[in-house]
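Residue numbers (our numbering), protein chains in the order written: chain A, 33 to 529; chain B, 8 to 292; chain C, 8 to 410.
Read the hints as simulated data drawn from the structure, not as lab findings.
Glycine residues also receive a C-beta, built at the ideal position from the N, C-alpha and C atoms.
There could be a bad hint or two in this list.
[Unchecked claim] To give an idea of the chain C side of the interface with chain B (calculated C-beta under 8 Å), a few residues:
| id | residue |
| --- | --- |
| 1 | Asn46 |
| 2 | Lys80 |
| 3 | Gln82 |
| 4 | Ser344 |
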Amino acid sequence: MNLKSITMRLLFLSAVNATSLWAAYTLFTIENWAPLIILLFATFLIDFIYFSPRTNASKWLIPGTIFLIIFQIYPVMYTAVTAFTNYSTGHSVSREEAIDGLLKQNVEPVENGDQYSFIAIHLGERKALFLTPANGGDSIIGDEKGVKSSNNSAIPDGWVQFSNEELKTPDIQKWLTALQIPLANGNFLQADSFTTAIENRSLIKFDAEKNQLIDVASGESLKEKGGNFYYLDGTRMEPGWKIWVGFTNFTDVVSNERIRGPFFRVLIWTFAYAILSVLTTFILGLTLALTLNNSRVKGQRVWRSLLIIPYAIPGFLSILVWAGLLNDDYGLMNRALGTHIPWLFDATWAKVSTLLVNLWLGFPYMFLVSTGALQSIPAELSEAAQMDGASNKVVFSRIKLPLLLVTMAPLLIGSFAYNFNNFGGIYLLTGGGPAQNDSDVAGATDILISYTYKLAFSSGKGAQYGLATAISIIIFFIVASVSALSFKRTKALENLN
Amino acid sequence: MMMKKRNRDKVWWRYLVASIALIFSLMPVIWVIGAAFGPAGLTTQSVIPHVFVLDNFKVLFTDENVPFLKWYRNSLIVCTSAAILQVSIATFAAYAFSRFRFKGRRVSLVGLLVLQMFPQLLSIVAIYILMYKVHLVFPAIGTGSAIGLILVYLGGAMGYNTYLLKGFFDTIPKELDEAAKVDGATAGQTFTKIILPLATPMLAVVMLLSFIGLLNDFVLASLFLQTTDKYTLAVGLQAFISGQYEQQWGPFAAGALLTALPVIILFQFLQRYIVEGLSAGSVKG
Amino acid sequence: MNKKRLGIVSMLASVTLASSALLAVSAHAASTITIWAGNEKAPSYTAWAADYSARSGVTVKVVAKTNMGDFDKVQDADAPDIIINAHDTIGKYRADNKIEAITLSNTKEFDANTLAAFTLGTKLYGVPLQTENIALITNTKLVPKAPKTFAELEAIALKLKKANASNANFVPLAVQQGTGGDAYHMFPFLTGLGGYVFGGTPGKWNVYDVGVDNAKFIKNSSMIDKWYKEGLIKASVTWDVARSAFTSGNAPFYITGPWFLDDIRKSGVSYRISALPVIVPGFKPVPYSGVQGAMMTTFATTHGVALETKAALQDLATVNAQLSISKVALRSPANTSAQKQFTDKDIAAFGIAGAGSIPMPTVAANNVMWGAVGGAWVKATSGQSTAAAAFKAAAKSMRDQIE
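Take the sequences, apply the hints, and build the full model.
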C-alpha cells in the first residue's frame, strides 16, 4: 500500500476517533450509558473495518450504513412498535403522567373554605408558608407535613422570607405550585398565587401501595381498564395512558367491517394508480428524451431546461394549482377546452385527474434520467450496429432499450413504490374523494395510505397512531413483497449485459 | 450512400412533440407566474397575466417577518452540502455493490430498497424524538440545527440513488477494472480514475435530483428549524399558505419562482456533463 | 511515528472541543413564559406581551407557529407555557394531558356560552379571547335593498345570474365547499332547515342524539336539491373562488367570516353584513361560533412558571388586554365589557349576525361530523345524490362511529 493511501486512512480514522472520544466523554459525564456503549462499539467496528486489509466492501459501505441505521432503520422500528399499543388521543402519555393529571383535575375548592394570605419562608433546607387567615385570626405555619399554629403575627425566629425574585425561580415556584398542606379535616391548603392560598379538597387520591386510584368519599378504588380509569358512575376519565395491546390493531383491520369493507377496492386502485403512473411518466419521459437526443435538434439545452421546470416548482404548490385548474365550473381546463368535465367530482374523471397531475409531476424525472442514461450509452455501440446495416428502430430496441432498462429498472420499481405511498398526490388534489356510497371514509381516489390517514386521524376517537401504524405495516408488507418479487425478475435483466 | 440519406431524417416532428409537451408542462407554471406578478389578492379566474406588478416580490424582500434572503442562503447551504454528501455516499455504496462480491450482497440491496417503502409520514415522530434527545446532549446537531437536518437527510442517501448508480456502474465493463488492476491500481484509484469519469452524466443527474428533492423538503426541515431565521425556503414560504383561510398565493408564488431559479441554473450548469457523453471513448486498446 | 503524532494532536483537539461543548450548555434563564399562537394570529399578541412583560417583570415571548400540530409531539424544553387555539381543541388537549384547569376572578364579564366553550365538566380550561362566526355579506351595489327572507334572496340571486349568463366568473351565492366539503360554512343551512348535529345544549351534548337526519330537516331537504338544480349553491365553489368572486364584484351574496374582512375592505366593493335570512319559518339559520382562547399547558408546571402563567392568563382576561388585542386581531373580544367598548362597526355586525350561534361541540364525537356532514353537502350540491339520501347516510355513518 502506498503512502498516500495510508495517510488518508490515518487522517480519516483520527478524525473519527477524536470526534467519537469527545462524544463519549460528554455522554460519560451525564451518565447516559446506552448511547455510550453503542458509540464505543460503533467506533471499534469502524476502526476494525478500516484497518483490516480484508473487509473491502465494508469500507465503502460503512458511512452510508451508519446513517441508514440511525435515521431510517431505528425510526422505522420505533414507529413499528407503536402498532402494538393503543397510542392515540387520550392514550398518549404514561400511566404516571395520566395519574398526575387526573389528581390535579379532581381537586376542587371547598365551599366556604378557609382562605389565607401567606409569606413563603425558609430555614436552611426547610421551606414553609406563614399563613394569615383572610377573615382574621391566628396565623399558622404549614408545610407538606401539616400545620402548626403560631403564637405571634411575625414569622418565627431564624426563618427568612423568600424574596420575590427567589420565589419566581423555577425550583421554588415548582415547590410552591406542588405544595399541599394537609389539614385536620382531610382537605388541604394550596397556593393559588404568590400571596394567597385556599382550601381545596381532592375527589380522588392515589394509593401507592396498591397502585390504584381511590375515590375519597367512599374509599372504593376506581376501575381501571384498557388504559383508562373510570369514575364510580362509569364515566371514563381523561387522560388515559398508553398500553400494549398486542395484535389488537391488526385484528381490528380484519374484523372491523368499516375498515375492511372498502379495503379491497382501495387496494386495487392503489396498484392501478402506481402502475399507471410509472408507465405514463416513463413513456412520456423516455419519448421526450429520445426526441431531443438528436444532435441536429437546435437549442437542445433550452428545450431541456424548459421541460424540467415542472420539477423545479414545489410539488405542493403545483398540485393545488392543478386543483384550481380542474375546477369544473371555474377552472381553466374546462374553459380552454370548452367542456364541462367534472374533473374532481366524478369518480372516474377524478381518477383520470390524479393520473394526469401525477404525469405532469413525474415525467421530468423520467426525462432527466433517461437523458442521462441515453447519453451514457457508448456511441460506438450504435455506430457499430449501424455500420452493420441495422435500422434506427433495431438499434433502439436491441441495443439502447435493454441497456436503458438495466439502468432504469430499479428506478421504475422505486417509482412504483413511491406512488404506491403517494399521499400528497392524492390528498391535496381530491382529498381522496369524491365520496363513494360503499364507505363513509374511502372515496373514489383514496389509495391505501390516504385511506389509512383518514381512518386514523378523522375518526371519532381523535388521532389513532397505533391503528395507523398497524395498517401502514400491512401496506408495507404488501408493497415490499410485490417489489421484492419484481427485483428477483430484474436479476435476469442484469445478466443480459 | 444509404447512411448519408438516413442522416437527412426529418427533424421537424421532434420540435412538434417537444412543443406539445412544453404546453402541457408550462400551463400551471403560467398560472404561478401570473400569481407571482399579479396584484396582491389574486383571483384564480384570470390566468393569462395581463398585469405585471412587483408587489409580491416586495413583500418577500421588505417585510421584516420574512427574512427571505436568509432563507435562500440557508436553503442553498443545506441543500448543496446535503446533496453532495448524499451523492458521495450513494456512489461509494454503489461501487461496492457493483464491484465487490460479498455475502448478503443481493439481500442487502433488495433490503435497502424495501426499507424505503415504509411510509415516511409516520417515522417523523420517531426522528423528532431521537434528535430531541440528541439535542439535549449535543445542542449543535440536534433539533434546531441545520447540521442535524443534514445528518437526517443522509439517512436516506443509500436509497434509490444507490441502486440507480449501481445499475449504471454495472454497464461499465469489468474489463476496465481488470485492466487497471493489471496496471497496479488499487480499488480507490480504479474508482477515481476510471469509474467516476465514465459515470459523470449519471452523477450529474443524481446530483440534480437530490438537490431538487432536498430543496422542496418541507416535512423534515420544519421539524428541525424552529426559528424564522433558520428556515429554509420550503419552510419559510409555507407560512404564507398555512393559515386556514388566509392564504397569500401572491408572495408564495413569487417565492416559489425564486426557489425554482437555482434549480434551473444548476441544471444549465450540469447539462454540459450530462450530454458530454463519452467523447474520450471507453475502451482503450 | 506519524501515527503517534496524529494521535496526540487529535486527543488535544478533542479535549478542547469537549470542554467548550460542556461550557456551552446554557444555564436556565430568568423567568420566561412562552406563548404559541398560529401564524396569522400571533401578531395580535405581541403588543400585549411587551406591555405585560414591562408591568410584571416576567418576559413573555410570543412564538408564531406555522404548524400548531407540533404541540402534539413537542418535548419539554421546546414546549410553550400558554397555547392559544380554538375552543374545540380542549377536548383532545386534555385527553393528552397537555393543558391544566385555571380559575378566573372575573368570570362574570364573560357570556355563559363563551365560558361553556372552554369548560370540560366543571373546570375552566382557558381564557376566552375572541369569538367569531360567519355571516351574510351582501354587495350593496348589486343588491340595494336587503332581502327579508331567503326566498327573496334566492330570487334576486337567480335574476342576477341570468343577467350575467355570459360572465363565467359569476357566482350567485358564494359559500365555500370544494371537494372536501365544508360543514362549518354550510351549518346555517342545516339549522335553517330544521336540522341539528347533537341533541342537548352547549357543554352538555348528547352524542347519541344525532339530528342530521331528523324528520323536519329531511322534509325540508328538497329545497337543497332545488338550489342545486337552479345553480344557486354548488360544491365546486372553493374558498378561493368564493372570495375572488365577491371581491371582484361578481357575487351578490357571500357567506364568510371576519377573517376575510380585510380583503373585502381592500377590494372596494360596498358591502353590508347581516344574518342569513330565515329559510323556513320557525327555524333560525344560526352559524357555529368559534372561540379563541389561551390555555395553560402542563409544561408550565414542569418549567416552574405555573403561578406566573396563571397570573398572565388572568391579565389576558381583563378588559384592557382584550380590547387592545381585539383591535389588532379584528375580532370581537370575548369579555363583554370590552365588547361594549369595541368600536369596529363591521365586527359588531358580525356579532349581531351571530346572535344565537352555537359553539362548536368539543366532544371527541364531533370529529366524525365534519367528514360525514361535509361529504353529504358535497354529494347534494354536486348532483351525486339527493339531499335526503345523502344526509340519511351521513347520520348513519355518524351513529356507527360514535360508540
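Practice task
So, Gln82/C near chain B? Judge it on the closest CB pair being under 8 Å.
Solution key: Result: holds, 5 Å to nearest chain B Cβ.
Problem - Ser344/C as an interface hint toward chain B, with CB separation required under 8 Å - result: violated (29 Å)
Exercise for the section: Return the status of the interface hint for Lys80/C: holds when the least beta-carbon distance to chain B is below 8 Å, violated otherwise. Expected result: Lys80/C check passes; min Cβ-Cβ to chain B is 5 Å, inside 8 Å.
Problem - Restraint satisfaction for Asn46/C [CB to CB of chain B, less than 8 Å] - result: holds (5 Å)
This entry does not satisfy hint 4, going by the numbered hints stated previously; all others are met.
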